[in-house]
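*Asks:* The sequence shown begins at 961 in the numbering used here and counts up one residue at a time.
Any given hint could be a false lead.
[Unchecked claim] Mimicking EDC-like on lysine to aspartate or glutamate, the simulated pairs with C-alpha atoms at most 20 Å apart in a straight line are:
{"id": "1", "residue 1": "989", "residue 2": "1003"}
{"id": "2", "residue 1": "983", "residue 2": "1003"}
{"id": "3", "residue 1": "983", "residue 2": "973"}
{"id": "4", "residue 1": "989", "residue 2": "973"}
{"id": "5", "residue 1": "989", "residue 2": "1019"}
[Said to hold, decoys possible] Label pairs and their in silico Cβ distance ranges:
{"id": "6", "residue 1": "1167", "residue 2": "1032", "range": "37 to 43 Å"}
{"id": "7", "residue 1": "989", "residue 2": "1146", "range": "36 to 42 Å"}
{"id": "8", "residue 1": "1127", "residue 2": "1177", "range": "17 to 23 Å"}
{"id": "9", "residue 1": "989", "residue 2": "1208", "range": "38 to 44 Å"}
{"id": "10", "residue 1": "1056", "residue 2": "1182", "range": "28 to 34 Å"}
{"id": "11", "residue 1": "1056", "residue 2": "1158", "range": "38 to 44 Å"}
{"id": "12", "residue 1": "1023", "residue 2": "1176", "range": "28 to 34 Å"}
{"id": "13", "residue 1": "994", "residue 2": "1177", "range": "40 to 46 Å"}
{"id": "14", "residue 1": "1178", "residue 2": "1153", "range": "21 to 27 Å"}
{"id": "15", "residue 1": "996", "residue 2": "1077", "range": "38 to 44 Å"}
Please keep in mind that the hints were generated in silico from the structure rather than gathered at the bench. Ideal placement from N, C-alpha and C gives every residue a C-beta, glycine not left out.
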Amino acid sequence: AVYVATPHAFHAEHARLALEAGKPVLVEKAFTRNAVEARAVLDLARDGEDVFLVMEFVDGPSGPLEVVRSGRGEPVTVFAHGMGASVPSTRPYASGVSGTRVFFHFRSHGRSAPAFDGWDYDHTADELLAVADAYGATRALGVSMGAGSILRILQRDPSRFERVVLVIPAVIDSPRNSEGLERYSAMAEASARGDAGPIRAQLEAELPEAVRGDDAARAWVEQQTQVFLGPGMAEALRDLPHAVPVPDVER
961 AVYVATPHAF HAEHARLALE AGKPVLVEKA FTRNAVEARA VLDLARDGED
1011 VFLVMEFVDG PSGPLEVVRS GRGEPVTVFA HGMGASVPST RPYASGVSGT
1061 RVFFHFRSHG RSAPAFDGWD YDHTADELLA VADAYGATRA LGVSMGAGSI
1111 LRILQRDPSR FERVVLVIPA VIDSPRNSEG LERYSAMAEA SARGDAGPIR
1161 AQLEAELPEA VRGDDAARAW VEQQTQVFLG PGMAEALRDL PHAVPVPDVE
1211 R
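From just these sequences and the hints, can you work out the full model?
*Replies:* Put into structure tokens, the structure is as follows:
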């Protein structure tokens, strides 16, 4: 794939060159300088495999949500990441998925707006629905927190999606055990203080011992540490581990 992040005036030309070379394209916003250039790039992409667009934002309940869309046509599938994860973490699950694929960042992730009004599965479900409704998504895949958000939506309306995939839901109908809650509580306190050390140590402890010294593992730990130090993440680490997406399994 080719990532076009050059000055806006060159986006259309550079996207055209990549598409003519048969490459999938990710174009940073603004997509092009005007509608004429945008239409020309999209027309060219129709004969290719994919065109990736970094969209502006979708209005979420607590602020703008960053969205990345790829593909075209039906069905439309929305992909929801886990806490501390990102759009790239869900992209591999879209391999081979036909139609339009919609990826987004939950509150306080990526370039979506930070949120400080509490974290639970009602909030995350509302954000997922805002994106799904904006693009007419009929299918959904969620990882961890994203899977829990889908479960909360289905509890409200079992017919909302025609097909769903749940990848390792963080929880379903009961909260995490006391050890897990203590771990997240300590990370929440460190995040609120802006203290990277305890967060880094906890993330390193969760890695398999055989890979802890690897450069890739160290880079991942550092990346995740910075995510958990971001605005609104102390609240996420404090509140969400106590929440469950399906509090009443009889409903």
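*Asks:* Indicate, hint by hint, whether the structure satisfies it.
*Replies:* Cross-check of the supplied hints:
1. 989 / 1003: At roughly 18 Å apart (the allowed maximum being 20 Å), residue 1003 and residue 989 satisfy the hint.
2. 983 / 1003: holds, 15 Å
3. 983 / 973: Since the Cα atoms of residue 983 and residue 973 sit roughly 14 Å apart, the hinted pair holds (cutoff 20 Å).
4. 989 / 973: holds, 15 Å
5. 989 / 1019: holds, 17 Å
6. 1167 / 1032: 37 to 43 Å: Check passed, 39 Å falls within 37 to 43 Å.
7. 989 / 1146: 36 to 42 Å: Given a distance of about 37 Å, which is inside 36 to 42 Å, the answer is holds.
8. 1127 / 1177: 17 to 23 Å: holds, 21 Å
9. 989 / 1208: 38 to 44 Å: Since the Cβ atoms of residue 989 and residue 1208 sit about 41 Å apart, the hinted range of 38 to 44 Å holds.
10. 1056 / 1182: 28 to 34 Å: holds, 32 Å
11. 1056 / 1158: 38 to 44 Å: At 40 Å between Cβs, range holds.
12. 1023 / 1176: 28 to 34 Å: holds, 33 Å
13. 994 / 1177: 40 to 46 Å: For residue 994 and residue 1177 the Cβ distance comes to about 45 Å; the hint holds.
14. 1178 / 1153: 21 to 27 Å: holds, 23 Å
15. 996 / 1077: 38 to 44 Å: Between residue 996 and residue 1077, where Cβ atoms are some 41 Å apart, the hint holds.
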